[in-house]
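Protein chains in written order, with UniProt numbering: chain A, 1 to 372; chain B, 1 to 372.
Heads up, some of the hints might be wrong.
Think about it this way: if two alpha-carbon atoms lie no more than 20 Å apart in a straight line, the pair counts; the simulated SDA-like pairs of lysine to any residue are [stated by the list, open to error]:
1. 100(A) with 99(B)
2. 100(A) with 72(B)
3. 100(A) with 26(B)
4. 100(B) with 249(A)
5. 100(A) with 61(B)
6. 100(B) with 58(A)
7. 100(A) with 68(B)
8. 100(B) with 101(A)
9. 100(B) with 102(A)
10. 100(A) with 119(B)
11. 100(A) with 204(B)
12. 100(B) with 221(A)
13. 100(A) with 77(B)
In case anyone wonders, no lab produced these hints; they're calculated from the structure.
There are 2 protein chains.
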Amino acid sequence: MKILHTADWHIGRRLNGTDLLSDQMHVLDQLVEYIKDEGIDLCVIAGDVFDRSNPSQAALELVNEYLYRINIGLGVPVLAISGNHDSRSRLDYGSRWFEKSNYHMRTSIGDILKPVVIDGHHFYMIPYMDVLEAKQYFMDESIVSHHDVYRRVTAEIRNVMDHGARNILVGHMFMSDAKASDSERPLSIGLSEEVGTDLFTDFDLILLGHLHHPFAITHDAIFYSGSLLKYSFSEVRQPKGFRVIDTGEGIECRFVPTESKYDLVHYKGSYDEVINEKVTFPDKNAYFKFELTGLETIKDPMAKLKMIYPNTLELRPVVEVRENSMSKVDVNRSSDREIFDAFIEQVHGSELTEYQQGLFKQLFKGDIDETD
Amino acid sequence: MKILHTADWHIGRRLNGTDLLSDQMHVLDQLVEYIKDEGIDLCVIAGDVFDRSNPSQAALELVNEYLYRINIGLGVPVLAISGNHDSRSRLDYGSRWFEKSNYHMRTSIGDILKPVVIDGHHFYMIPYMDVLEAKQYFMDESIVSHHDVYRRVTAEIRNVMDHGARNILVGHMFMSDAKASDSERPLSIGLSEEVGTDLFTDFDLILLGHLHHPFAITHDAIFYSGSLLKYSFSEVRQPKGFRVIDTGEGIECRFVPTESKYDLVHYKGSYDEVINEKVTFPDKNAYFKFELTGLETIKDPMAKLKMIYPNTLELRPVVEVRENSMSKVDVNRSSDREIFDAFIEQVHGSELTEYQQGLFKQLFKGDIDETD
């Protein structure tokens with residue numbers, strides 16, 4: 001069976017106030033095309049389809065449209081769970097009708113022991129749940145971390161699972177040797193989010209969402225698909241795409257990169273080289289975050305940058321610090337004049353002109369002891 | 001075919017701040033029971049399932065649950081349209097999956113010429129649309145009122161309909177000899193809302209939502225089901241229930257009343273008779289709106305009323321106006337003392353005591369001419 005594994009679509013997400021719906025459609029078109037062309041048998045979405053618990057109408061329409069294309073248009077079963085960004089009730093709305101078309105949207109802890117069984121594969125769908133919720137659900141006071149939650153969840157499943165079947169867990173969590181980027185909303189405050197890989201040895205395959213880096217973890221059976229797009233400037237260097245898993249003899253998993261409509265670029269340099277195009281970028285329409293020196297005397301640099309790079313989203317001024325920023329003057333052993341000269345040189349990068357020296361003398365007159 | 005016709009559920013509606021979800025469930029339970037017991041073949045919901053375009057999670061769950069019971073639980077087709085309170089996108093979410101189970105949620109003008117055909121009955125589903133929208137959709141500048149909208153809609157349908165079939169229109173509008181209550185949100189401002197009955201002669205049956213009174217219109221073929229509950233104190237005297245239409249030889253339509261969990265009561269009288277139970281009500285737990293006299297000297301009357309009538313929602317003080325409220329004293333021809341006496345009698349309903357008369361004399365001394 002060929003499984004396409006994706007997660008963290010975050011439909012409705014905005015980047016520095018910019019709407020990303022058309023960017024998201026651009027990638028989802030590739031994903032749908034791939035499912036069609038490559039004969040994918042099943043699509044797994046490991047949480048955070050929406051970015052907010054209360055998605056906009058446009059976001060709802062987009063998700064509705066693409067899931068329709070995959071599930072009804074192409075007739076491919078869809079197995080999805082809710083993530084920490086999703087609202088369970090909203091995702092659950094209509095789910096009992098969806099099931100009849102093999103679109104399984106699982107949002108309830110109450111269903112974690114009922115695998116979706118397709119073609120000898122048992123998919124244990126574990127929607128995101130927080131520590132308090134799991135503690136109450138299992139009435140288990142020993143649950144105080146996310147690791148505890150999944151210790152309990154996997155123990156429960158172990159009791160009922162068919163160990164002869166191919167068992168696949170779909171979840172939305174922070175696996176322990178994975179690193180979080182800026183755009184994964186913290187799962188909890190004050191409680192450890194990390195879940196150890198050792199809990200999942202009963203499963204042949206663990207397909208995850210939450211972390212946006214598709215290579216956030218290196219493991220034979222545990223995979224993140226990564227997010228649909230780069231959703232923060234901390235993800236600039238992350239590849240984006242989806243995973244395809246072939247469960248033939250063994251399990252083969254590979255990452256399929258997608259092409260973004262616009263890339264994210266974080267550039268650090270000088271205003272001069274950017275505005276005068278002394279540095280070139282593959283796409284001037286990329287979403288730029290600039291950290292630039294030389295902005296001190298520029299009026300409205302953002303507007304000027306947008307003339308060339310229309311999708312500039314962020315501009316941070318960098319105050320140029322000269323290499324020898326530490327003063328070479330020992331204030332205890334130098335005259336006031338020496339201190340002043342050193343200061344002027346440090347700030348302006350040049351010595352006082354004769355005229356300036358004259359002014360200095362005039363202003364400070366006898367107040368400054370030149371020889372001390 | 002036995003059709004159950006309902007509308008204006010307004011799930012999520014609050015009455016003077018009070019949540020009505022359990023009241024709504026109480027009535028929906030009766031509706032589902034009726035469908036089961038009476039062998040209803042089809043359920044029509046003529047708009048405003050939700051009260052707001054952005055329903056709460058509890059409202060979403062409730063609608064999801066009852067539509068599931070009717071459509072999948074009992075296997076009864078559901079034909080529904082969006083009303084002016086609903087958000088189209090939200091209602092449309094999942095609708096293409098619902099269709100596969102004969103749950104047809106129609107929210108788009110683009111679909112009005114595609115009837116849902118069930119057992120020789122052609123259901124033209126007309127979601128609520130406003131004047132501007134219809135004008136743009138049909139590119140017809142002559143559309144300036146709701147009547148114009150439906151003139152165009154019915155003309156369009158007339159061109160394509162099978163006149164030999166049984167044609168049923170499902171809509172959400174204000175039919176012209178119908179009267180609006182407080183809780184039907186105005187469809188538009190500054191444009192006539194009323195739609196004439198003469199436009200619908202091509203249809204065997206017109207099943208409507210929007211007006212909350214089930215007998216808002218008297219017509220052989222045009223029916224309102226009325227709302228699920230009394231949603232404002234202006235609806236106190238309205239029966240609530242649903243309609244059952246039998247389309248055998250002819251068309252038989254009857255109204256089936258439902259029982260509310262708590263009734264709405266609007267009582268006008270005195271505080272004394274209410275608080276001392278000199279007047280009795282069938283259910284002290286009803287939702288009361290009291291308009292009472294004699295509140296002037298009562299401290300926190302609302303709290304006291306709630307001790308007996310816990311679901312009191314509204315209390316309006318009524319200042320008792322005596323029958324002869326016009327003063328009999330001609331101020332131009334009476335002494336100040338006569339004017340004052342008349343005033344005291346009017347306000348207190350009694351003459352001054354001797355002690356008060358003494359006080360009066362003392363205070364006004366010679367300033368008041370008693371004989372003028």
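- Message: Need the status of pair residue 100(B), residue 58(A): alpha-carbon distance at most 20 Å?
- Response: With Cα atoms ~24 Å apart, residue 100(B) and residue 58(A) exceed 20 Å; violated.
- Between residue 100(A) and residue 72(B), does the CA-CA distance stay at or below 20 Å? holds (10 Å)
- Query: Hey, residue 100(A) versus residue 68(B), does the alpha-carbon distance stay inside 20 Å?
  - Reply: holds (12 Å)
- Query: Do the alpha carbons of residue 100(A) and residue 204(B) lie within 20 Å of each other, as the hint requires?
  - Reply: Roughly 34 Å between the alpha carbons, so the hint for residue 100(A) and residue 204(B) is violated.
- Message: Hint check: residue 100(A) vs residue 99(B), CA-CA at most 20 Å. Holds or violated?
- Response: holds (11 Å)
- Given the hint that residue 100(B) pairs with residue 102(A), does the C-alpha gap stay at or below 20 Å? The given pair, whose Cα atoms are some 12 Å apart, holds under the 20 Å limit.
- Item | Hint consistency between residue 100(B) and residue 221(A) [alpha-carbon to alpha-carbon, up to 20 Å] | violated (37 Å)
- Query: Does the alpha-carbon distance linking residue 100(A) and residue 26(B) stay inside the 20 Å limit?
  - Reply: violated (29 Å)
- Message: Can you confirm whether the C-alpha distance between residue 100(B) and residue 101(A) stays at or below 20 Å?
- Response: holds (8 Å)
- Task: Measure nothing beyond the straight line between the CA atoms of residue 100(A) and residue 77(B); if it is 20 Å or shorter, mark the hint as holding.
- Result: holds (15 Å)
- Message: Check whether the Cα positions of residue 100(A) and residue 119(B) lie no farther apart than 20 Å.
- Response: Roughly 23 Å between the alpha carbons, so the hint for residue 100(A) and residue 119(B) is violated.
- Mind checking the alpha carbons of residue 100(A) and residue 61(B) for me, to see if they're no more than 20 Å apart? Holds - the C-alpha atoms of residue 61(B) and residue 100(A) are around 19 Å apart, at most 20 Å.
Taken one by one, the earlier hints fail for this structure at numbers 3, 4, 6, 10, 11, 12, listed in ascending order.
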